[in-house]
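The residues making up each chain are set out below.
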Amino acid sequence: MCAKKAAIGPSVDPAARKEKAIKVLRDAFEQKLKETAQLSYQLPQGALVVDEIPADAAFKKTVEVAKSLYDQIMESGRFALDVPSRSSTNIIYDENNDLLLLGEKMNRKWFHSLTSVEDMTQLIKILEIVNQLLEKRIHATKREVFYNDVNLFKEQVNSDNCIEDLSTVLNTIRNSTNIVASAVGKAVGRLRIRDQSDIIDLEAMGSGGWAITPFLDNVEIIESDAEFVLVIEKDAAAMRLSEAKWWKEYPCIIISGRGAADIATRMFLKRINKILNIPTFCLVDSDPYGHYIYSIYLRGSKKLSYESPFLATPNIHLLGVLTRDLDSYNVPKECRISMNKTDIKRCQEMLNESFVQKNPRWVADLELMMKIKEKAEIQSLSAHGFEYLTSEYLPSKIATADWI
Amino acid sequence: MKVFRLSDGRIVQIIDKDKIQKWDPATPALFVNYILDKKIESYGSSKDQAEIRAYLNEILEEIAVPKLTNALKSPDPNVRLTIAKNLVDISKKKADMVKGVLSFLQDAERNEKEAGIKANIAQVLKNYDKAVKRKQYEAKRKKMRELDEMLKTGKISADDYVKERKEFLVLGVETGAEEE
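Line by line, the protein sequences give chains A and B. Just add 367 to the spot in the first sequence (first one is 1) and you have our numbering. Just add 246 to the spot in the second sequence (first one is 1) and you have our numbering.
Treat the hints loosely; a few may be bogus.
As the list claims (entries may be wrong) - Pulled from the structure, derived: some chain A residues nowhere near chain B, Cβ distances all over 10 Å: (1) Leu415; (2) Asn474; (3) Arg504; (4) Arg559; (5) Ser564; (6) Ile589; (7) Asp710; (8) Glu734; (9) Tyr755.
Said to hold, decoys possible - If you only want the chain B side, here are some residues facing chain A, beta carbon under 7 Å, derived: (10) Met247; (11) Ser253; (12) Ile257; (13) Gln259; (14) Ile260; (15) Tyr280; (16) Leu282; (17) Val325.
Just so you know, these hints were derived from the structure itself, not from any lab. Just so we're clear, the structure is a prediction, and the values are computed from it rather than from any experiment. Cβ atoms here follow ideal geometry from the backbone N, Cα and C, with glycine treated the same way.
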């Protein structure tokens, strides 16, 4: 248990600070609107073109793939499928847009080959399942797909790989194949959405918030008076903000990723950021894993690089808890934890990433972390009182535009 | 999104008309009604609210009403039945949502020849009516607590109390609510 200490710094008028914070946010919003108006996103040369498509278009694509296989069989009795390679050598870093993308390298998988006959059979089975899901306009989880033919897939990792392979073959994202992963994220705050014919007010969902649905193709953003989005790694910290109804004082949408961000949470965040054009911030633990989680929101994961344009939020800022905040906000020494070997290794790996190196403020914070070799959780701020996060730390960080 | 900058500096964003155009026939009217019922009062000054009301009216006139009336007047009974059933589902969950389309539903009920469709439209109107009465019943229940105290202290006559009590009981029967 951390000892309670008084917060440092001169006393600040909360109303004046709030006014300043709101001004900073509105300036950021206007700037973002200008940038969006000038933006014309273009994929770098050699990157695979992937699109989010409606169910009927995805269904047609499954039929086209099946027909091409049928034609090959009728012509030669042998058939193959070109599957985009998802190996690390085929991942492109799009420096302009800060995204990880899949290149155009293909692997030809033959059915009449001992090395690929099993893969191909599994892939064709996935094609059949996706075709049925799209035709019936229903969704299935990856786990359900695995149980559809346990003898064939043997392990879920095999069906999961085939699902991702098929998505790339269809040049679409996995959600467009109606195969979804269970979601753990929650959202609350100044946002109204439509889920088919239901209108859902995210301010009226109780302190628990709205559980982000994996069926995001049914969800549409319809109204909002939020002026920023705050993504929080820890559910406990999100609960603190939710319980305080913090969005009423600071007009925002709060998203809790509950640890490593799942696909639905990242996709929902991306959609909010793209549609509402409001500044977006991330609050994570002050440790290398927190920075890694921020990087996943920022530029996507290597595993799902082909979906990056639909999952990554390249203009998300790391609001905290920064390494320098540990001293600036007087996090007591007893609330800090020494970094272990794994932390130091991960921190060094982060420093080696090209997307980190192009951001000097990020590099500086990680270098400071390497120097002091200390980490702290978001909750360590409660050493100054349970309301310190909502009444002091976050308002001060926003008012001073102190983010990465 | 259509961005409204309110006079106090706040920002409100409402979905563009071209996106609403793709919705099913019932939802645009329900959406307009939702904003008017639940949100508009929080949108700053009366001038700001008037600007947003004007946009909502555009949605209503250009999209919501044509979509709804076209569907309710469709020569295809399946289209009429589908929308009537959708509205029944919505009115069961949130009866307030159909408030903005009541006049169209009353017309549709009068003109509908198919018994099944007519019954569904009538059900929507009944659900709405029941929800309104339930609200009245809840308000009356609250009032009855005050009247009970007033009766004890002699601040209300027995006759007046009985009159109020009778209205409360009638509303309870009409809404199917149990007496407390």
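Right, here's what the structure says about each hint:
Listed as a non-interface residue, Leu415(A) keeps its Cβ farther than 10 Å from every Cβ of chain B; the least gap is roughly 28 Å. Here Asn474(A) stays apart from chain B, with its beta-carbon at least about 38 Å from theirs, past the 10 Å limit. Interface exclusion of Arg504(A) from chain B stands, the closest Cβ pair being 14 Å apart, more than 10 Å. At the 10 Å boundary, the C-beta of Arg559(A) falls inside the reach of chain B, the nearest C-beta of that chain being 8 Å off.
Taking the minimum C-beta to C-beta distance to chain B, about 5 Å, the non-interface status of Ser564(A) is violated against the 10 Å cut. The claim that Ile589(A) lies off the interface is violated: its Cβ sits roughly 5 Å from the closest Cβ of chain B, which falls inside the 10 Å cut-off. The Cβ of Asp710(A) lies farther than 10 Å from every Cβ of chain B, with a closest approach of about 40 Å, so its non-interface assignment holds. No Cβ of chain B comes within 10 Å of the Cβ of Glu734(A); the nearest lies about 37 Å off, and the non-interface call holds.
Distance check on Tyr755(A): its Cβ is at least 27 Å (rounded) from any Cβ of chain B, clearing the 10 Å threshold; non-interface status holds. With its C-beta approaching chain A no nearer than about 6 Å, Met247(B) sits inside the 7 Å limit, and its interface hint holds. Taking 7 Å as the C-beta contact cut-off toward chain A, the hint placing Ser253(B) at the interface is violated, the least distance being around 14 Å. For the restraint placing Ile257(B) at the interface with chain A, the shortest Cβ-Cβ distance is roughly 6 Å, inside the 7 Å limit, so the hint holds.
This hint holds: Gln259(B) has a C-beta 5 Å from the nearest C-beta of chain A, less than the 7 Å allowed. A least Cβ separation of about 5 Å between Ile260(B) and chain A falls short of the 7 Å threshold, and the interface hint therefore holds. This hint holds: Tyr280(B) has a C-beta 5 Å from the nearest C-beta of chain A, less than the 7 Å allowed. Among the interface hints, the one on Leu282(B) is violated; its C-beta lies about 12 Å from the nearest C-beta in chain A, farther than the 7 Å criterion.
This hint is violated: Val325(B) has a C-beta 16 Å from the nearest C-beta of chain A, more than the 7 Å allowed.
Going through the hint list in order, the structure does not satisfy hints 4, 5, 6, 11, 16 and 17.
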